[in-house]
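With the hints as constraints, model all of the structure from the sequences given.
As you go down the protein sequences, you meet chains A and B in turn. The numbering used here puts the first residue of the first sequence at 1, with every later residue one more than the last. The numbering used here puts the first residue of the second sequence at 1, with every later residue one more than the last.
Simulated from the structure, these hints should not be mistaken for laboratory data. Quantities reported herein were computed from a predicted structural model and do not represent experimental measurements. Don't take each hint at face value.
With beta-carbon atoms standing in for the labels, derived distance ranges [stated by the list, open to error]: (1) B/Tyr-272 with A/Thr-200: 45 to 53 angstroms; (2) B/Asp-59 with A/Gly-47: 41 to 49 angstroms; (3) B/Ala-312 with A/Glu-369: 29 to 37 angstroms; (4) A/Glu-377 with B/Arg-379: 40 to 48 angstroms; (5) A/Ser-152 with B/Asp-38: 30 to 38 angstroms; (6) B/Asp-59 with A/Glu-276: 34 to 42 angstroms; (7) B/Glu-334 with A/Pro-311: 40 to 48 angstroms.
Here are some chain A residues the structure puts well away from chain B; computed CB gaps all over 12 angstroms [claimed, not checked]: (8) Asp-59; (9) Thr-81; (10) Trp-110; (11) Gly-135; (12) Ser-152; (13) Ala-153; (14) Asn-182; (15) Thr-198; (16) Gly-206; (17) Ala-210; (18) Pro-234; (19) Gly-249; (20) Glu-275; (21) Gly-284; (22) Glu-342.
Some chain A residues near chain B, calculated using beta-carbon distances under 8 angstroms [unchecked claim]: (23) Glu-35; (24) Tyr-36; (25) Ala-312; (26) Leu-340.
The C-beta atom is built at its ideal place from N, Cα and C for all residues, glycine as well.
2 protein chains.
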Amino acid sequence: MSHSYRQCSGVMFASLLLFSGALQASGSGQEVNTEYEDTTLVEITGGLEHPWGLAILPDGRYLVTERKGRLLLVDGGDTTTISGTPEVKAVNQGGLLDVVLHPEYEDNGWIYLTYSKPENADDTRLAMGRARLDGDRLSEWEVLFEQDRASSAGRHYGARMAWMNDGTLLLTVGDRGEDEKNRPQHLDDHAGSVLRLTATGAAAEGNPFAGQEGALPEIYSYGHRNIQGIIVHPDTGEIWVTEHGPRGGDELNLIEAGNNYGWPEVSLGRDYRSEEQFGERSNGDMTGPVYEFLPTLAPSGLALVSGDTYPAWQGNLLAGGLRAERVLRVVLEEQEVVHLEELLLKTVGRIRDVREGPDGHIYVLNDEEDAGLFRLEPR
Amino acid sequence: MSHSYRQCSGVMFASLLLFSGALQASGSGQEVNTEYEDTTLVEITGGLEHPWGLAILPDGRYLVTERKGRLLLVDGGDTTTISGTPEVKAVNQGGLLDVVLHPEYEDNGWIYLTYSKPENADDTRLAMGRARLDGDRLSEWEVLFEQDRASSAGRHYGARMAWMNDGTLLLTVGDRGEDEKNRPQHLDDHAGSVLRLTATGAAAEGNPFAGQEGALPEIYSYGHRNIQGIIVHPDTGEIWVTEHGPRGGDELNLIEAGNNYGWPEVSLGRDYRSEEQFGERSNGDMTGPVYEFLPTLAPSGLALVSGDTYPAWQGNLLAGGLRAERVLRVVLEEQEVVHLEELLLKTVGRIRDVREGPDGHIYVLNDEEDAGLFRLEPR
Chain A
1 MSHSYRQCSG VMFASLLLFS GALQASGSGQ EVNTEYEDTT LVEITGGLEH PWGLAILPDG
61 RYLVTERKGR LLLVDGGDTT TISGTPEVKA VNQGGLLDVV LHPEYEDNGW IYLTYSKPEN
121 ADDTRLAMGR ARLDGDRLSE WEVLFEQDRA SSAGRHYGAR MAWMNDGTLL LTVGDRGEDE
181 KNRPQHLDDH AGSVLRLTAT GAAAEGNPFA GQEGALPEIY SYGHRNIQGI IVHPDTGEIW
241 VTEHGPRGGD ELNLIEAGNN YGWPEVSLGR DYRSEEQFGE RSNGDMTGPV YEFLPTLAPS
301 GLALVSGDTY PAWQGNLLAG GLRAERVLRV VLEEQEVVHL EELLLKTVGR IRDVREGPDG
361 HIYVLNDEED AGLFRLEPR
Chain B
1 MSHSYRQCSG VMFASLLLFS GALQASGSGQ EVNTEYEDTT LVEITGGLEH PWGLAILPDG
61 RYLVTERKGR LLLVDGGDTT TISGTPEVKA VNQGGLLDVV LHPEYEDNGW IYLTYSKPEN
121 ADDTRLAMGR ARLDGDRLSE WEVLFEQDRA SSAGRHYGAR MAWMNDGTLL LTVGDRGEDE
181 KNRPQHLDDH AGSVLRLTAT GAAAEGNPFA GQEGALPEIY SYGHRNIQGI IVHPDTGEIW
241 VTEHGPRGGD ELNLIEAGNN YGWPEVSLGR DYRSEEQFGE RSNGDMTGPV YEFLPTLAPS
301 GLALVSGDTY PAWQGNLLAG GLRAERVLRV VLEEQEVVHL EELLLKTVGR IRDVREGPDG
361 HIYVLNDEED AGLFRLEPR
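Structure, rendered in structure tokens:
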């Protein structure tokens, strides 16, 4: 097992500690002492290039996507590149993005991937497909879903997936960040929405706009800018998402079928240049956020601590932050945020994904040129 | 001019940059690039031992209190210890605390100090007095105010001062952090309140509880835990304070005469051990905060950017944070927080005081064993 921070000189290491608050060295990792849990951050592997999504196999191996297009199988310190992945257009925020396992993966072996599918020299669509792992290659790859319109901008894909408790698959689609700002308000456009799909990529039954003329039947909620974190609560079925707003407008939202979350007409964020308000701050016809992250978080992967591996954190959300270089522990009571704690602040840089493994541990990917996969172990 | 970070080795300096985000070296300071203003952080002097309060003289010299009891006069890189300061009990959070100038300082030369005044071997009172500067000593020192009860705990003094536009002096008194928790709810006890005093320490005329039996006439607002930042808006007269709550309960409050701010009966904070809620989250008879700082800020000095030295920040509050090791830029619209930005995050450690100088620049004291006085210069 390698530790990237251990490759630094002693002086470097000492100064790292100086700027990491509660971080201290221990035998097999970095001590990360928090408000209510003392943990150790252990690097499982380094050498990842801008990883994006993480899925943990039942046998303890890890699937990691790298945005530029590689799918990696991590087995302890050994990393294998899996062949047979789809062609992606890795421009700006596009590339190979999320990876999740089918809820019955142990029986059927399906692995789901999202990516920016090239349409032509300029344009891409957000696409989703699945395959099985056969040694060091993917087999039976099939594209299950593509968004209805291709766009030139390589931005705001969304691309996160989560399974609902009824076996349907939620897929987030970003607004694609184009000059045409109002796409999330149009039900005939997948951009800026949460979709609810069958396991083979069709519109799931019972979606709120099914049968409505001019509305796409996959849409579950709309008016979103760019959702980069999503979890479904295993007990309550609540769908929590973290969403990139404009500056200062990053949101925690609770997704309900058919709701309009307001973007770009309603936002709490500010213009990146002028600091002027975007549109309105609220509108009775649209659903406001449960919480506005201030200062900017730039949200990435979102996990729920469902097990009792970290007793004081049970039921909390863990929201990764890119620009904020931290994970926020979000304490909810009756669907309201009652406390926040910063974890891993400027410890491993930008956070790209946070997941709870089948072993109850929390896993983190950072977003760096030389990034790693980390496990947070209770002490 | 010395720069403490320049005394580090090159490797140390490089790694400091690595963990400071937008911080870069420049000729005469550290570049601090923010959302809307590019600035340079210049160290005016180092070698301060846990400084607490800062006042900027009209001639460009600085008065700095050190918690252990010294009052320093900083003139460029030269620092002189001023004699004639009051005896303080520098235990825990007690010591020599705030320093402010009389609004007509240029005419009358009065310098106001707050401190923990020893009562006996164990107990102290928050006290306030004034003196004039005569070379390197204080002259005409007189104690103007002492809180009504002495307490053993060396915690939660409050001790910040600010002048109202009518020439009266606001003084914050903390709850003193004792087992007797409910003192802020009692109007016959100065603990846990904002006081409004004359320039000679008497109860100011027109205070809300004047003439009420069993109420102290100095009290302007009550139900506070520990206010460590206060400013009066020069145009609107609004009184903004930052207040230490229990974990997660740090608050921005707008102070109005006679209001009860709820501590310890109402709070958004959590117990330090159990993470349980303190009391109620709201109560119609008590005034809730304008904003709850999440995660924990541990607020210290508060400044208002009243001038146009940093055009994009005009009208913003700058709230120092101890544990959070940052300054929060607070953007208000119609008395609501609409945006926050982190400044100086883990750049100079714990922030103790933030002030706007008569020259329009923002000045910062950090809270370290070897601390400094810094000026943030626009570029």
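Hint by hint, here is what the structure shows:
1. B/Tyr-272 with A/Thr-200: 45 to 53 angstroms: 51 angstroms, holds
2. B/Asp-59 with A/Gly-47: 41 to 49 angstroms: 58 angstroms, violated
3. B/Ala-312 with A/Glu-369: 29 to 37 angstroms: 32 angstroms, holds
4. A/Glu-377 with B/Arg-379: 40 to 48 angstroms: This hint holds: roughly 44 angstroms between Cβ atoms.
5. A/Ser-152 with B/Asp-38: 30 to 38 angstroms: Given a distance of about 32 angstroms, which is inside 30 to 38 angstroms, the answer is holds.
6. B/Asp-59 with A/Glu-276: 34 to 42 angstroms: Since the Cβ atoms of B/Asp-59 and A/Glu-276 sit about 40 angstroms apart, the hinted range of 34 to 42 angstroms holds.
7. B/Glu-334 with A/Pro-311: 40 to 48 angstroms: Roughly 43 angstroms apart at Cβ, these two residues keep to the hinted range, so it holds.
8. Asp-59: 35 angstroms, holds
9. Thr-81: 29 angstroms, holds
10. Trp-110: Given a closest Cβ separation of 39 angstroms, the condition holds.
11. Gly-135: 40 angstroms, holds
12. Ser-152: Holds, since 28 angstroms exceeds 12 angstroms.
13. Ala-153: Since the minimum Cβ distance to chain B is about 23 angstroms, A/Ala-153 lies beyond 12 angstroms and the statement holds.
14. Asn-182: Non-interface label on A/Asn-182 holds, nearest chain B Cβ at 23 angstroms vs cutoff 12 angstroms.
15. Thr-198: 39 angstroms, holds
16. Gly-206: 36 angstroms, holds
17. Ala-210: Its Cβ never comes within 12 angstroms of chain B, the nearest being 38 angstroms, so this holds.
18. Pro-234: Non-interface label on A/Pro-234 holds, nearest chain B Cβ at 22 angstroms vs cutoff 12 angstroms.
19. Gly-249: 9 angstroms, violated
20. Glu-275: 6 angstroms, violated
21. Gly-284: Fine: 18 angstroms to the nearest Cβ keeps A/Gly-284 off the interface.
22. Glu-342: Nearest chain B Cβ is 5 angstroms from A/Glu-342, so the label is violated.
23. Glu-35: Holds. Min distance 7 angstroms.
24. Tyr-36: Status holds, d = 6 angstroms.
25. Ala-312: For A/Ala-312, the interface hint holds, since the closest Cβ of chain B sits about 6 angstroms away, which is under 8 angstroms.
26. Leu-340: Because about 4 angstroms separates A/Leu-340 from the closest Cβ in chain B, which is inside the 8 angstroms limit, the hint holds.
Of the numbered hints stated above, those contradicted by the structure are hints 2, 19, 20, 22, listed in ascending order.
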